[in-house]
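Trainee: Work out the full structure: start from the sequences and follow the hints.
So the sequence lines, in the order shown, correspond to chains A and B. Residues in the first sequence are numbered consecutively from 49, following my numbering. Residues in the second sequence are numbered consecutively from 380, following my numbering.
In case anyone wonders, no lab produced these hints; they're calculated from the structure. Incorrect hints may have been included.
For lysine-lysine, the following DSSO-like pairs were computed, each having C-alpha atoms within a straight-line distance of at most 27 Å [to be verified]:
hint: 1; chain 1: B; residue 1: 677; chain 2: B; residue 2: 1016
hint: 2; chain 1: B; residue 1: 874; chain 2: A; residue 2: 95
hint: 3; chain 1: B; residue 1: 381; chain 2: B; residue 2: 699
hint: 4; chain 1: A; residue 1: 195; chain 2: A; residue 2: 140
hint: 5; chain 1: A; residue 1: 54; chain 2: A; residue 2: 140
hint: 6; chain 1: A; residue 1: 68; chain 2: B; residue 2: 874
hint: 7; chain 1: A; residue 1: 121; chain 2: A; residue 2: 279
hint: 8; chain 1: B; residue 1: 747; chain 2: A; residue 2: 195
hint: 9; chain 1: A; residue 1: 59; chain 2: B; residue 2: 1016
hint: 10; chain 1: B; residue 1: 874; chain 2: A; residue 2: 59
hint: 11; chain 1: A; residue 1: 61; chain 2: B; residue 2: 862
hint: 12; chain 1: B; residue 1: 747; chain 2: A; residue 2: 279
hint: 13; chain 1: A; residue 1: 95; chain 2: B; residue 2: 862
hint: 14; chain 1: B; residue 1: 403; chain 2: B; residue 2: 381
Fair warning: this is a prediction, and the values are worked out from it, not measured in the lab.
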Amino acid sequence: MKLSLKVWRQKNKEAEGQFKDYALSDISPDMSFLEMLDVLNEQLLAKGEEPVAFDHDCREGICGSCSMMINGKPHGPESMTTTCQLHMRKFKDGDNVIIEPWRASPFPVIRDLVVDRSAFDRIIQAGGFISVNTGNAQDGNTLPIPKPDADSAMDAAACIGCGACVAACKNASAMLFTAAKVSHLGYLPQGQPERQRRVLKMVEQMDGEGFGNCTNTYDCEAACPKGISVKNIARLNRDFLKASIFG
Amino acid sequence: MKLESNIPSGPIEQKWDKHRAEVKLVNPANKRKYRILVVGSGLAGASAAATLAELGYNVDCFTFHDSPRRAHSIAAQGGINAAKNYQNDGDSIFRLFYDTVKGGDFRAREANVYRLAQVSVNIIDQCVAQGVPFAREYGGYLTNRSFGGAQVSRTFYAKGQTGQQLLLGAYSALSRQIGAGTVTMHTRKEMMELVLVDGHARGIVTRDLVSGNVESWAGDAVILATGGYSNVFYLSTNAMACNVTSIWRAHKKGAGLANPCFTQIHPTSIPQHGEYQSKLTLMSESLRNDGRVWVPLKPNDNRAPHDIPESERDYYLERKYPSFGNLSPRDIASRAAKEVCDEGRGVGPGGRGVYLDFSAAINRLGEKTIAERYGNLFEMYERITGENPYNVPMRIYPAPHYTMGGLWVDYNLMSTIPGLHVLGEANFSDHGANRLGASALMQGLADGYFVIPYTIGHYLAGVKPGSITNEHPEFKKAVEDVKGRISTFLSINGKRTTSSFHRELGMLMWNNCGMARSESSLKEALQRIPEIREEFWNNVNVVGSATELNTALEHAGRVADFLEFAELMCIDALERDESCGGHFRTEHQTEDGEARRNDEDFCHSSVWEYSGDTSKPTLHKEQLTFENVKLATRSYK
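Mentor: Here it is, written out as structure tokens:
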């Protein structure tokens, strides 16, 4: 296949970025999207030009590193799929492909397609955990957990922290990310003692990082490669309200 | 180099308890005076950093990722073993110990493996308490699945994302400590060098991957939890950034490297599909619970799988290993796949593949149950191959996946360099010549949560805290060395990219030191590796500068170290003139093609010391004794 790429190039955080055009030929439909970018980078290196920087690692859709807007959609056209798992068979010969970094002020661009997502870590550090020191635990089967609750917790816990929800949202809201963690721990008996404190702390941090508010557009859910449901946001709002009144 | 394993005396069941009662302690008020550097934030690193901080130590944790949650532990799919015996099917600590020693083909240290089996039960409890959403039955209790090399069901899991959930558990514990200020987290910083002062590990040098700054960090002890080196094969199931640099740098500073030739080739990965391929994707071993492995009975049978009648299929694992069948251990299943493909009976492009067929399980259990168990894996398979495994059997082929070899450690997980501790896949300790499925997660978390917190105190109690700072001349020298190396990469201005060298090395290693090795293949590799290395240092082209985010420069450093390490791996494989576990020397096999061990001459761990010349390392041996498991020919028939 032949492709015309328009790729965001930006030297560093301070520099101004711009789109650059690249033409590629001989792209196999069996390649992953990142392998296509590998081909581009090998060609750039052969010409002595600097390769396009992008975050990537596991290439199995689980580490959450890859993060790019492809033709205006986080992770590209295929639903429930990270960029690394997107394959070129989803594109047509001669397609134009526009590749940009996540665009959100709490995720500043570091270089090209690489952004700083440490704000997500700080939200977790504010309260996205159960305070249990190693050695405290009782036997794992002491507290039976109804299967539906365990399954719902797992569904929420499947978040890979990639940031597609923020990138998709017109308000750059991190509600889906934060809600997934609040919900995951809130479904479990072990998460109850800190439930109110957790939601208040995490929301406070989320606001402090400069993420916007949720206005129920649900672009986040549509963009999420792991299918995290917006129902979790409703759960967060309920928990937040309760904690604000009674906490 | 002295190899003192420091295994406590006494019956194996009592060794760990006895040791815990005897090791030196650091009192709570003194713990805060010590600083521990932890490199790596995967299961082993994150669990260690969090637990040590909970105990009161000051911890600095380093990762080259943008977040500790990205470590490659996250990609482990199938599960984690623990001798809970919740299934009432005859499991016990001894049985898990026995299975692990036997699975490792009698090349692991008994005492370490027994301790691993003992603490396995605490890991599950700890993870449940953290909120890890393990799979459960309708009654609310934890459920298990079966994995290779065991006849009991002892594997706990969270869908096909067990590694992710366990890592997020450890990450949440780590995040709690970062928030509390007891752990200082350093992201996007790659360890470039280990710093020794008076023979003790006292610090590291890092490069900031965004600014390019080369910095040094001093502490009272250093922990490496930096994973394995499967990417020496270029194509493996490891993440792209996984590398050998930190353990190789430690080796060059004096740490013994044990059994580097013990690498695991995982039987169920999606076959390679083209030249440009950047990595291989694993399909969890758990699939072998319900999938049946087969190839056509006749060579060069190009019919579609549905058109091949039952009578013309060879379910070769069930045929050759009736008692373990599709759940034979990884090394055995991988070799069996290679064998049928070498006979011309492989399927798919190039004939390098075998079928993993779920039709019998779907007929028996229904599509819904199969989807519940493996849904995300089936989706992943379809995304990559464009084929739907509910309708067409999966095609799989072996791929490099895990490395049992690593830095040698004693019972306290300390390397031959005092103060340098090594956890998880980066050490050599528990899996011998072959690791059983669902045991990597167990070992990573055992080391981090339940072993190092006890044993590091034994070392620290003899160290005056904070006595060394990074003003010490050894730190300045190490920083200069790293800077010199970086400027060399940038000044070569050759014609070839770092990837082209990595690919060339990987292909050589896969062909000559992969699933099957022979004296001649290894000698050929040993001749080629120095030639490739020579060309690398004269003809590599690294563009850009040292003071910015430069992915080509990062890769150059990693490839340069692989080019040295690969030679040691082949030297070790050549020296170990026997077949055992994943190390299959074609000269040493039984009539039916099974590995033939030589316990007379090779019942030891080979520990290599750097001599100043990468081509001439010095060999030391740690003799292995088996007092609790009878040294026997492994049979899964």
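Trainee: Now look at each hint and say whether the structure bears it out.
Mentor: Cross-check of the supplied hints:
1. Our distance criterion of 27 Å between C-alpha atoms is met by residue 677 (chain B) and residue 1016 (chain B), whose separation comes to about 24 Å.
2. With a CA separation close to 10 Å, the supplied pair residue 874 (chain B) and residue 95 (chain A) stays within the 27 Å bound.
3. Note on residue 381 (chain B) and residue 699 (chain B): the hinted pairing is violated, with a Cα-Cα distance of about 44 Å set against a maximum of 27 Å.
4. Simply put, residue 195 (chain A) and residue 140 (chain A) have alpha-carbon atoms about 44 Å apart, too far for the 27 Å limit, and the pair is violated.
5. Taken as a hint, the residue 54 (chain A) and residue 140 (chain A) pair is honoured in the structure, with Cα atoms around 16 Å apart against an allowance of 27 Å.
6. Between the alpha carbons of residue 68 (chain A) and residue 874 (chain B) the distance comes to roughly 25 Å, so the proposed pair stays at or under 27 Å and holds.
7. Proximity of residue 121 (chain A) to residue 279 (chain A) is assessed by CA-CA distance (about 22 Å); at most 27 Å being required, the pair is judged to hold.
8. About 16 Å separates the Cα atoms of residue 747 (chain B) and residue 195 (chain A), which keeps this hinted pair within 27 Å; it holds.
9. In summary, the hint linking residue 59 (chain A) to residue 1016 (chain B) is not supported, as the alpha carbons are separated by about 60 Å, beyond the 27 Å threshold.
10. Pair hint residue 874 (chain B) plus residue 59 (chain A) holds up; C-alpha atoms about 24 Å apart against a cutoff of 27 Å.
11. As the CA atoms of residue 61 (chain A) and residue 862 (chain B) are separated by approximately 24 Å, the hinted pair is consistent with the 27 Å bound.
12. At roughly 24 Å between alpha-carbon atoms, residue 747 (chain B) and residue 279 (chain A) fall within 27 Å of each other, so this suggested pair holds.
13. Pair hint residue 95 (chain A) plus residue 862 (chain B) holds up; C-alpha atoms about 26 Å apart against a cutoff of 27 Å.
14. Under the criterion of a C-alpha separation no larger than 27 Å, the hint pairing residue 403 (chain B) with residue 381 (chain B) is consistent with the structure, at around 22 Å.
Of the numbered hints stated above, those contradicted by the structure are hints 3, 4 and 9, listed in ascending order.
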